[in-house]
Amino acid sequence: MTRTASTAAPPDPVTKDGPPPGRRPRHSAAPSGRSWRQQPLRRLTPWLFLVAPLTLLITFTYVPVGNMLFYSLTDWDGISPDRNFVGTENYTELLTRPEIFRVFGVSLYYLAASVVQIAVALYFATVLSFDLRFRNLFKGILFFPYLINGVAIGFVFLYFFQDGGTLDSVLSWFGVSTDHAWLGSPDSANTSLAGVSVWRFTGLNFVLFLGAIQSIPGELYEAAQLDGASRWKQFKHIIAPSIRPVLSLSVILAISGSLSVFEIPYIMTGGATGTSTFVIQTVKFAFQFNKTGLASACAVVLLAIILVITWIQRRLVPDEKVDLV
Amino acid sequence: MGKKALSAALLATAMLTVAGCSGGSGNADPNETAVAPVNPDSVSGDITVLTNRTDLVQDGTMKKYAAEFNKTYPDVKVEFEGITDYEGEVKIRMNTENYGDVLLIPSSVSKGDYPTFFAPLGSTGTMKDTYRFTDRTDVDGKVYGIATFGTANGFVYNKPLWKKAGIIDWPTTPEQFLDDLEKIRDETGATPYYTNFKDGWPLGDQWTNGVGSVSCDTQASDKLAAMDEPWGKATDLHMLDTLLHDIVDRELSEKDPTTTNWESSKTLLAKGEVGSMLLGNWSVSQMRAAAEKAGRNPDDIGFMPVPFQKNGQFCATLVSDYQQAVNIHSDNKGAARAWIDWFTEKSGYSAKEGVVSALLKEPLPKTLREYADNDVKLVERSERKTAEVNAIDDASEIGINAQDYRRKLVDIARGAQEGSLQDYFGELNKRWSEARRTAGS
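Note that the protein sequences, when read in sequence, are chains A and B.
Under the working numbering, the first residue of the first sequence is numbered 1, with each subsequent residue one higher.
Under the working numbering, the first residue of the second sequence is numbered 1, with each subsequent residue one higher.
Hints are computed from structural coordinates only; laboratory data are not their basis.
Hints are not guaranteed to be accurate.
Among chain A residues calculated to face chain B with C-beta under 8 Å, some are [to be verified]:
1. 79
2. 80
3. 158
4. 161
5. 163
6. 181
7. 183
8. 185
9. 186
10. 273
11. 289
Straight line, CA to CA, 30 Å or less: simulated DSS-like cross-link-like pairs of lysine-lysine [stated by the list, open to error]:
12. B/366 with B/310
13. B/408 with A/284
14. B/64 with B/366
15. B/408 with B/255
16. B/366 with B/164
17. B/346 with B/361
18. A/139 with A/236
19. B/111 with B/385
20. B/223 with A/284
21. A/284 with B/111
22. A/284 with B/385
23. B/366 with B/346
24. B/361 with B/111
25. B/361 with B/223
26. B/255 with A/284
27. B/361 with B/71
28. A/284 with B/430
29. B/385 with B/223
These figures come from a predicted structure and were not determined experimentally.
Just so it is clear, CB atoms sit at the ideal spot from N, CA and C, and this is done for glycine as well.
Assemble the whole structure, with the sequences as input and the hints as a guide.
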């Protein structure tokens, strides 16, 4: 986003920071002896602030990742006190077993769903950025699903898709009586699960888009209206270009999200009936078949795949600065 | 962040990583046997008992057991920790030393590692005269766990429903069983069999516990370690899985298996809306409770063996549930052992739950009276080679005691996934025999 109220005049960090080392402060009211003592503390201050987040980040992100990298080079079963270093054997096994990657086919359902999700979110964000009645109520309704815990969503939708459950009874009000087992066949189950995922994550995309759209200065719309631009033209020439960075972020999140789907299918079907995903499979390697080494290698490969795809995407669609004026 | 700071952070990360990897080495003495003290007053201390029965912890039943225990051992304080995802959570905790004083041995711990995690409870030679299922935790002549209880394999069924369909005798062949289920469906409109596909676990070891019921062989499970084709013609797994396939294939199970619910299935069976489920006799008391709650007669719940006979006799395997063990890092091993012994001998747990006690001298529970009356032979299944079987099972990624492979079988039977039963058996055989070669050592 450019030229928003909050980023137009960022606080200048230089003015707040201490003077560069070796130079005496210009406006120091304190005696020179004290300012000399203040120097090391001043240099230390940002680090003191950083200690807490950095400790948390290192302990809970980088150390586990480091551990995982190490495990992926062993044949550890996840519990035994001894583990053997096996080098790249786990990776060789992964790459020589194409059936492990077959589950990525399921990700296509979620990828298709995230296209729908982004479109729906964009539509509502645009509509609700204009002055509408009950605007905030609709915003709340759209964002609400994202606040619910994924496990709860899984259970709710299990009842929803049940034989004679919510979906069937709603359909019967409209005279449609289906005898369809929604989670019964791979196609139907994956589509249903992807639908749940759309329901859950549309709110997040919606809020991202809405934030971007609302940061567009109002004068632009006024000017456009004076020039006789229709709502569609306003969208095309004002809204669309200014939310491009957020859109590209959403696409990255959508792709990495579809590759690493876990919660919803794990709770609703446990990966049965062709709904298993790469992460579910990894969890089964680690906790059902006690192949922690292989599972760690799977996780590392997934991380690599997502990084590569993100890199390719950034190369194809570079994040160029947009200037509306 | 500058380059220097970044590399410092990376170094710190690396060092912490190494530290994290090398932690968890204990200094416990693997030869110190956990013995219950002779004089109950002399033992004191706090012990933590890990259990998978969260329901019994929550409704206060376990507390009552502890209070009862304290009458004999007044100075021991017992705390319970009910864990819902028992297997997953305890497995991770066992990387530390803090996994309770008494715990149920997670099935993922390989037998060879028992001496590093658990204190020995005594020699197998003497303990096998007192307890059932000692071979399950026997490592080099020492026993590391005592079964909480044992369970016999068979179908729980709704008696009035079967009678209503005109069935009086237990079916003796799979064909007869399927015909009976068909009668139930056609005569009463009830669901003859409920797979519990969604919850899954009733498709896992509940079916695999039947290995040995078909062939009437105590060694049936151990033999899997030496078999190249466990699903080959006329093997136990072949017969059982074919039966499950045919039940689903002939549309004798619930309409939409993907949204089943275990808790409500108990009520369905109790009310006679479901005809049968393959479980252990442990489930009978739960079904009776469900019947009472639903205002039905608890005696409506019956228990019958799997429909296979050997020399004109039904057989049912008797297998152990989780084994209780003492943490080798425990500071109160005496108190921990005292709890295990008291729980096994004095608590009355197995009689109350209607399951088979780990003590040989205890009589069979009431829930198995029908088995005794009908001369069903109980086969106490040997678990001597369970470790090897599990190693092959893990390597093959089949999971004979888990639900996934039978879920696929059900999917094939109801046409949700492509394939035929014979092809699937062939694939399973192939995976098993390949895994045997790699995990054979």
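Holds or violated: residue 185 of chain A as interface residue toward chain B, Cβ cutoff 8 Å?
-> With Cβ-Cβ at 5 Å, under 8 Å, it holds.
Measure nothing beyond the straight line between the CA atoms of residue 366 of chain B and residue 310 of chain B; if it is 30 Å or shorter, mark the hint as holding.
-> holds (25 Å)
Do the alpha carbons of residue 64 of chain B and residue 366 of chain B lie within 30 Å of each other, as the hint requires?
-> Roughly 23 Å between the alpha carbons, so the hint for residue 64 of chain B and residue 366 of chain B holds.
Holds or violated: residue 366 of chain B with residue 346 of chain B, Cα cutoff 30 Å?
-> holds (18 Å)
Interface hint compliance - residue 183 of chain A to chain B, C-beta minimum distance less than 8 Å | Since the shortest Cβ distance to chain B is 4 Å, the answer is holds.
Holds or violated: residue 408 of chain B with residue 284 of chain A, Cα cutoff 30 Å?
-> The given pair, whose Cα atoms are some 15 Å apart, holds under the 30 Å limit.
Taking the least C-beta to C-beta distance, is residue 80 of chain A closer than 8 Å to chain B?
-> With Cβ-Cβ at 5 Å, under 8 Å, it holds.
Residue 284 of chain A and residue 111 of chain B: Cα distance at most 30 Å?
-> holds (21 Å)
Supplied contact hint for residue 186 of chain A, tested at 8 Å Cβ to chain B | holds (7 Å)
Does residue 158 of chain A pass the interface check with chain B, least Cβ-Cβ distance below 8 Å?
-> Residue 158 of chain A check passes; min Cβ-Cβ to chain B is 6 Å, inside 8 Å.
Are residue 366 of chain B and residue 164 of chain B close enough, with their CA atoms no more than 30 Å apart?
-> Holds, at about 25 Å.
Is the straight-line distance between the alpha-carbon of residue 284 of chain A and that of residue 385 of chain B 30 Å or less?
-> holds (24 Å)
The structure is consistent with each of the numbered hints, conforming to all of them.
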